[in-house]
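Fit chain C to the known structure of chain Y by using the hints.
There are 2 protein chains.
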Amino acid sequence: MKEGALAPIKNTVDTLKSGNANQPVTGIITTMFPTITVIEEAVKRNANFIIAHEPSFYNHRDDVNLVKNNTVLARKLQLLEKHKIAIWRFHDYCHSINPDIISYGVARKAEWLPYYKAESPVLTIPKVSLKQLVQHLKTTLGISNLRIIGDPEQWCERIALLPGAAGGQFQINAASSEKPDVLVDGEVSEWETAEYVRDLRLLGGNMALIVLGHAVSEEPGMEWFVEWLQPKLPAVKITHIASGNPFTWM
Amino acid sequence: MKEGALAPIKNTVDTLKSGNANQPVTGIITTMFPTITVIEEAVKRNANFIIAHEPSFYNHRDDVNLVKNNTVLARKLQLLEKHKIAIWRFHDYCHSINPDIISYGVARKAEWLPYYKAESPVLTIPKVSLKQLVQHLKTTLGISNLRIIGDPEQWCERIALLPGAAGGQFQINAASSEKPDVLVDGEVSEWETAEYVRDLRLLGGNMALIVLGHAVSEEPGMEWFVEWLQPKLPAVKITHIASGNPFTWM
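Each protein sequence line maps, in turn, to chains Y and C. The opening residue of the first sequence carries number 1 in our numbering; numbering runs sequentially from there. The opening residue of the second sequence carries number 1001 in our numbering; numbering runs sequentially from there.
Because the hints were derived from the structure by calculation, they are not lab data. Where is the CB? At the ideal position from N, CA and C, for every residue including glycine. Take the hints with a grain of salt, since some may be wrong.
Stated by the list, open to error - Computed list of lysine-lysine pairs in DSS-like fashion (alpha-carbon distance at most 30 angstroms, straight line):
no., chain 1, residue 1, chain 2, residue 2
1, C, Lys1232, C, Lys1109
2, C, Lys1237, C, Lys1044
3, Y, Lys179, C, Lys1082
4, Y, Lys179, Y, Lys138
5, Y, Lys82, Y, Lys44
6, Y, Lys109, Y, Lys138
7, Y, Lys82, Y, Lys68
8, C, Lys1068, C, Lys1010
9, C, Lys1068, Y, Lys117
10, Y, Lys131, C, Lys1138
11, C, Lys1179, Y, Lys68
12, Y, Lys68, C, Lys1117
13, Y, Lys179, Y, Lys109
14, C, Lys1044, C, Lys1082
15, C, Lys1117, C, Lys1010
16, Y, Lys68, C, Lys1010
17, Y, Lys237, Y, Lys82
18, Y, Lys127, Y, Lys138
19, Y, Lys127, C, Lys1068
20, C, Lys1068, Y, Lys10
21, C, Lys1138, C, Lys1109
22, Y, Lys68, C, Lys1127
23, Y, Lys68, Y, Lys84
24, Y, Lys232, Y, Lys84
25, Y, Lys138, C, Lys1131
26, C, Lys1068, Y, Lys179
27, C, Lys1237, C, Lys1082
28, C, Lys1084, C, Lys1068
29, Y, Lys138, C, Lys1138
30, C, Lys1179, Y, Lys82
Unchecked claim - To give a feel for the contact side, a few chain Y residues facing chain C, derived at Cβ under 10 angstroms:
no., residue
31, Phe33
32, Thr35
33, Asn70
34, Val72
35, Lys131
36, Gly168
37, Ser177
38, Trp191
39, Tyr196
Chain Y extracted, bound-state conformation (with noise of 0.2 angstroms):
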């Protein structure tokens, strides 16, 4: 908190998720979604303390019993509990940083940081096309397929990067009021931002959107958090297991 100079936030989601306050911290994983598989892996490490962006129960704010008889939730309740693992989320904290762990992870994977502004969401960057901007952003966050609305021969300059689930209002707010060539988002509501920007383009407006896919679009932001946190804490090892993009494209 004092580092990161931050007042209390209420009703924050970046609470416990398992394990308890007391126990004695072996090593510390940062990662997006702490999936089975990152569990496994800090076991392995002997690292009983993972530091999640998002949620660990499949709902924003973790309630275990938002569906009745979730027996994959138990079974990770389980396994948690065998291994004595904690899970902390840092959400809600993690975006009040400044500047904000993830964007500025974000900018700092995609080689943008001379073009970054804690203040703002916008950067401008050598002119380049939307496919070339498309090609550069799988390149350098690791992306293997995404999904656009625009037409890749158009300039880029001016980018808005809102990576993970800004939410429609805020996606639409970004985009109507900075008016960038190019609105970079993790995760859209197809109802919300991907119609407002295909109806701005059908009334000739020229703003694109690029949808990275949420996980792989915040992921360059806990993997910087250890470099964040490391020197803090120098006594326990830090690592960053990618929790990784889910799907497969077909």
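Relative to chain Y, chain C alone:
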């Protein structure tokens, strides 16, 4: 209401989004999203009443003030006003008719009516591989690209068919209670249903997920709705215009 044996739905989103209830109807268009293209095509066909399954103004309740200075929305309203086009959303009632207009239309288009039951989302089809199932859905529903989680070679027989964006709680509950071989969704939140299926499989489970895309997953329902509605309104020409997939996959 009477034809569908429906009771009034409180706080329904099924309201007039433009035009007024007293204007004479010159023709009816059904669609998923009333995009600028769909509106312009309606004008060409001299049809001034669009029945759309999904929002007109990029948010669930079609709040025109959600985003300040939304010039895309302002220009869409101008276009609707210029041509006196009425848009009515047909969402909540559409899913309340028995059988559900959307799921029936999709099952019909997928050539699955022999396996369709109005009271359940589960269809038991002749056994196919996941890869074959994907190909069948692409061909019958006219889908060019989609995302899956699963092994393309695994066998599928019990399909839970949930077109549209039913929400994580609903989708996970269907998966958890029905235990299908494959969950076929229109749109998912990646931190909900996708992560649930990823963990289920990492724990040794075999259920697969197919994500069709929102618009293309429900469009066959609005196409079928023409046949449902036309005999009830023989004096008015009713036509379907597909709003189509908004994305380019790269």
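A quick look at each hint next to the structure:
1. Lys1232/C to Lys1109/C: Within the cut-off at roughly 22 angstroms; holds.
2. Lys1237/C to Lys1044/C: With Cα atoms ~14 angstroms apart, Lys1237/C and Lys1044/C stay inside 30 angstroms; holds.
3. Lys179/Y to Lys1082/C: holds, 26 angstroms
4. Lys179/Y to Lys138/Y: holds, 24 angstroms
5. Lys82/Y to Lys44/Y: holds, 13 angstroms
6. Lys109/Y to Lys138/Y: holds, 11 angstroms
7. Lys82/Y to Lys68/Y: Holds: Lys82/Y and Lys68/Y sit about 22 angstroms apart, inside 30 angstroms.
8. Lys1068/C to Lys1010/C: holds, 28 angstroms
9. Lys1068/C to Lys117/Y: Since the Cα atoms of Lys1068/C and Lys117/Y sit roughly 24 angstroms apart, the hinted pair holds (cutoff 30 angstroms).
10. Lys131/Y to Lys1138/C: holds, 26 angstroms
11. Lys1179/C to Lys68/Y: Holds - the C-alpha atoms of Lys68/Y and Lys1179/C are around 13 angstroms apart, at most 30 angstroms.
12. Lys68/Y to Lys1117/C: holds, 24 angstroms
13. Lys179/Y to Lys109/Y: Status holds; Cα separation ~24 angstroms.
14. Lys1044/C to Lys1082/C: holds, 13 angstroms
15. Lys1117/C to Lys1010/C: Satisfied, since the Cα-Cα distance of roughly 27 angstroms is no more than 30 angstroms.
16. Lys68/Y to Lys1010/C: holds, 26 angstroms
17. Lys237/Y to Lys82/Y: holds, 22 angstroms
18. Lys127/Y to Lys138/Y: Holds: Lys127/Y and Lys138/Y sit about 17 angstroms apart, inside 30 angstroms.
19. Lys127/Y to Lys1068/C: holds, 29 angstroms
20. Lys1068/C to Lys10/Y: Given pair Lys1068/C, Lys10/Y holds - Cα atoms ~26 angstroms apart, limit 30 angstroms.
21. Lys1138/C to Lys1109/C: Holds: Lys1138/C and Lys1109/C sit about 11 angstroms apart, inside 30 angstroms.
22. Lys68/Y to Lys1127/C: OK: Lys68/Y and Lys1127/C at ~29 angstroms, within 30 angstroms.
23. Lys68/Y to Lys84/Y: Since the Cα atoms of Lys68/Y and Lys84/Y sit roughly 24 angstroms apart, the hinted pair holds (cutoff 30 angstroms).
24. Lys232/Y to Lys84/Y: Roughly 24 angstroms between the alpha carbons, so the hint for Lys232/Y and Lys84/Y holds.
25. Lys138/Y to Lys1131/C: Measuring from Cα to Cα gives roughly 26 angstroms; hence the hint holds.
26. Lys1068/C to Lys179/Y: holds, 13 angstroms
27. Lys1237/C to Lys1082/C: holds, 22 angstroms
28. Lys1084/C to Lys1068/C: holds, 24 angstroms
29. Lys138/Y to Lys1138/C: Measuring from Cα to Cα gives roughly 26 angstroms; hence the hint holds.
30. Lys1179/C to Lys82/Y: holds, 26 angstroms
31. Phe33: Holds, because the Cβ-Cβ distance from Phe33/Y to chain C comes to roughly 6 angstroms (cut-off 10 angstroms).
32. Thr35: At 6 angstroms from the nearest chain C Cβ, Thr35/Y passes the 10 angstroms test, so the hint holds.
33. Asn70: holds, 5 angstroms
34. Val72: Result: holds, 5 angstroms to nearest chain C Cβ.
35. Lys131: Since the shortest Cβ distance to chain C is 8 angstroms, the answer is holds.
36. Gly168: holds, 6 angstroms
37. Ser177: holds, 7 angstroms
38. Trp191: holds, 5 angstroms
39. Tyr196: Holds, about 4 angstroms.
Every hint, counting from the list given before, is met by this structure.
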